[in-house]
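Asks: Read off the chains here:
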Amino acid sequence: MLTFLAKRILQLIPTLFFVSVLIFSLQQLLPGDPALIMAGEDRDPEVIEQIRKQYRLDQPIPVQYVYWVKGVLSGDLGESMRFKQPVLDLVLQKLPVTMQLASMALVISLLIGISAGIISAVKKDTVWDYAANVFALWGLSTPNFWLGIMMIFLFSVQLGWLPPSGYVPLTEDWRQSLATTIMPAFVLGNAIAAVLMRHTRSAMLQALNSDYVRTARAKGLLERSVVLKHAMRNALTPVITLGALEFGTLLSGAVLTEQIFTIPGFGKLIIDAVFNRDYAVVQGVVLITATTYISLNLLADVLYVMVNPRLRA
Amino acid sequence: MVEVPYDSALATQRADETIESPMRRALRRLRRRKGAVAGLIVILIFVVLAVFAPLIAPFDPAAQSWSAVRKAPSALYWFGTDDVGRDVLSRVIFGTRASLLAGVISVGIALSIGVPLGLTAGYLGGWVDAILSRITDAMLAVPFLILAIALAAFLGPSLGNAMIAIGVTTTPIFIRLTRGQVMAVKVEDYVEAARAIGNPRWRIALFHILPNILPALLVQATLSIAAAIIAEAALSFLGLGQQPPAPSWGSMLNSAQRFLTTGPWMAVWPGLAIFLTVLSFNLLGDGLRDALDPKEK
Numbered sequence: 023m024l025t026f027l028a029k030r031i032l033q034l035i036p037t038l039f040f041v042s043v044l045i046f047s048l049q050q051l052l053p054g055d056p057a058l059i060m061a062g063e064d065r066d067p068e069v070i071e072q073i074r075k076q077y078r079l080d081q082p083i084p085v086q087y088v089y090w091v092k093g094v095l096s097g098d099l100g101e102s103m104r105f106k107q108p109v110l111d112l113v114l115q116k117l118p119v120t121m122q123l124a125s126m127a128l129v130i131s132l133l134i135g136i137s138a139g140i141i142s143a144v145k146k147d148t149v150w151d152y153a154a155n156v157f158a159l160w161g162l163s164t165p166n167f168w169l170g171i172m173m174i175f176l177f178s179v180q181l182g183w184l185p186p187s188g189y190v191p192l193t194e195d196w197r198q199s200l201a202t203t204i205m206p207a208f209v210l211g212n213a214i215a216a217v218l219m220r221h222t223r224s225a226m227l228q229a230l231n232s233d234y235v236r237t238a239r240a241k242g243l244l245e246r247s248v249v250l251k252h253a254m255r256n257a258l259t260p261v262i263t264l265g266a267l268e269f270g271t272l273l274s275g276a277v278l279t280e281q282i283f284t285i286p287g288f289g290k291l292i293i294d295a296v297f298n299r300d301y302a303v304v305q306g307v308v309l310i311t312a313t314t315y316i317s318l319n320l321l322a323d324v325l326y327v328m329v330n331p332r333l334r335a
Numbered sequence: 014m015v016e017v018p019y020d021s022a023l024a025t026q027r028a029d030e031t032i033e034s035p036m037r038r039a040l041r042r043l044r045r046r047k048g049a050v051a052g053l054i055v056i057l058i059f060v061v062l063a064v065f066a067p068l069i070a071p072f073d074p075a076a077q078s079w080s081a082v083r084k085a086p087s088a089l090y091w092f093g094t095d096d097v098g099r100d101v102l103s104r105v106i107f108g109t110r111a112s113l114l115a116g117v118i119s120v121g122i123a124l125s126i127g128v129p130l131g132l133t134a135g136y137l138g139g140w141v142d143a144i145l146s147r148i149t150d151a152m153l154a155v156p157f158l159i160l161a162i163a164l165a166a167f168l169g170p171s172l173g174n175a176m177i178a179i180g181v182t183t184t185p186i187f188i189r190l191t192r193g194q195v196m197a198v199k200v201e202d203y204v205e206a207a208r209a210i211g212n213p214r215w216r217i218a219l220f221h222i223l224p225n226i227l228p229a230l231l232v233q234a235t236l237s238i239a240a241a242i243i244a245e246a247a248l249s250f251l252g253l254g255q256q257p258p259a260p261s262w263g264s265m266l267n268s269a270q271r272f273l274t275t276g277p278w279m280a281v282w283p284g285l286a287i288f289l290t291v292l293s294f295n296l297l298g299d300g301l302r303d304a305l306d307p308k309e310k
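Residue numbers (the numbering used here), protein chains in the order written: chain A, 23 to 335; chain B, 14 to 310.
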């Protein structure tokens with residue numbers, strides 16, 4: 023286990039290196055003098071000079087990169103031009119909001135995706151199976167920003183059940199907090215539920231056709247316990263780790279969902295930064311998402327080995 | 014009508030089976046999948062709409078009319094009008110152009126960068142493969158839409174830049190797929206045979222390996238077009254794609270969001286159009302996957 027872990031972590035180093043190069047080179051895409059663009063509308067010569075010094079724009083690009091990475095490694099992701107605040111602080115402020123949204127979405131998608139997947143596998147080639155497959159196709163093909171708008175129209179404008187936008191932190195008032203996040207969480211979880219459903223279905227079909235399930239049935243066990251205890255436990259292992267991998271989809275989706283429901287999270291931060299030409303914030307958000315995603319990937323791998331005794335050797 | 018003896022009919026059938034090319038077999042299988050056929054038909058309808066938009070659209074998609082602001086769907090305006098009195102139906106029809114173009118061009122970009130790199134990595138192996146694979150990992154580590162947003166932000170908002178951003182972001186999927194397929198195919202006997210008779214490496218890669226991995230690429234390209242169309246709509250929705258007043262489904266949804274109480278139809282039609290197009294490409298992709306799978310009968 024330890025050697026496996028060490029190997030996996032060693033593999034991460036080149037990946038992280040290329041991620042940092044990728045994010046660093048984003049600023050090379052800016053047309054013209056980056057200092058001039060990063061300074062924003064006012065073009066104050068003093069600010070431009072400060073930026074030039076801060077990013078060492080007068081030095082060769084590899085040198086700039088080294089300084090940038092040094093900063094990142096010590097937790098300095100640069101400063102937001104707009105808020106005059108360190109990028110790291112900004113991101114850490116917004117992170118809990120997105121995390122709440124993402125966790126709720128993950129719970130919703132696991133609940134819907136896994137149960138729909140199990141039902142469609144057990145009732146293969148029936149109306150249930152057909153309905154679950156239609157649901158999966160619908161989930162994969164509906165743009166979540168459209169779904170969000172339609173849900174606001176139905177539940178907020180027409181029925182008046184839920185607030186159309188805004189956010190209340192969990193610590194302030196949990197009822198209000200749930201009311202403001204349940205729609206966005208559903209919108210966010212919908213597409214992932216479809217992916218999980220498809221995987222659960224095929225994993226369950228495989229498990230149900232296996233020898234150990236035939237043995238369990240031959241022993242005369244109740245079909246319910248065969249499905250839930252014998253088949254499901256084995257089928258769900260890869261599905262759960264897949265859930266961790268879908269986290270990237272969650273973060274991508276959060277950008278749009280937060281925009282539609284005006285939730286002040288991570289996604290709203292990056293979009294606002296894009297339109298205010300606050301490039302350091304854009305880079306910071308991309309860097310932190312990538313690092314989180316890579317860590318979760320590692321976690322998923324480790325979990326997978328831990329729950330699967332055959333891989334432990 | 015001449016009566017054909019029983020055994021001769023059987024003989025022709027057998028002959029047919031032996032000469033059926035893989036392509037014809039795939040087409041025959043595809044025809045049996047109702048979902049894929051329906052998807053293909055819908056895609057063709059959208060292609061016709063895009064190509065002949067000026068002939069089909071009842072109004073000029075950019076013509077504003079202050080006497081027809083936010084009119085509900087009617088006999089004159091089938092899909093209603095928007096906040097500045099433009100015909101929603103005409104805008105949806107013209108919007109097809111941006112969406113289909115974005116889907117096809119960005120996947121084209123991804124294919125033209127990803128396939129050569131994947132071929133190189135998979136066929137050469139060694140340090141070339143190691144470096145390319147780590148770069149692929151790095152790109153896949155950044156969530157798709159976030160990387161596309163960042164690229165579009167640094168390149169500047171426009172439909173062209175959105176296509177580049179989506180194309181570049183889709184590229185690692187094709188590098189990885191091509192590489193994996195090449196690794197599986199390059200140990201086959203026919204590749205060995207091609208090498209034995211002295212073909213140069215580039216010739217083996219292009220003429221012996223590439224044709225055999227085309228089916229997998231075709232399936233992935235179809236599914237990627239669906240994802241690219243959603244991504245373009247998302248970027249346009251956020252204001253990073255097609256710039257107003259040029260019509261695109263994503264930017265129509267953006268303005269519709271502000272008028273949900275007074276003009277909900279503004280949000281229904283562009284969304285439905287995105288949904289239908291994406292659904293059709295997904296159905297076609299699923300159907301192609303089954304039809305091209307050599308293991309299935």
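Just to be clear, a hint being listed does not mean it is correct.
[Said to hold, decoys possible] Subject to a maximum C-alpha distance of 35 Å in a straight line, what follows is the list of computed DSBU-like cross-link-like pairs (lysine-lysine):
| id | chain 1 | residue 1 | chain 2 | residue 2 |
| --- | --- | --- | --- | --- |
| 1 | A | K106 | A | K92 |
| 2 | A | K241 | A | K251 |
| 3 | A | K106 | A | K116 |
| 4 | A | K75 | A | K29 |
| 5 | A | K29 | B | K47 |
| 6 | A | K116 | A | K29 |
| 7 | B | K199 | A | K145 |
| 8 | A | K146 | A | K75 |
| 9 | A | K146 | B | K47 |
Quick caveat, the hints were computed from the structure, so don't treat them as lab data.
Asks: Hints numbered earlier in the text: which of these fail when held up against the supplied structure?
Replies: Of the numbered hints given earlier, those the structure breaks are 4, 5, 7 and 8, listed in rising order.
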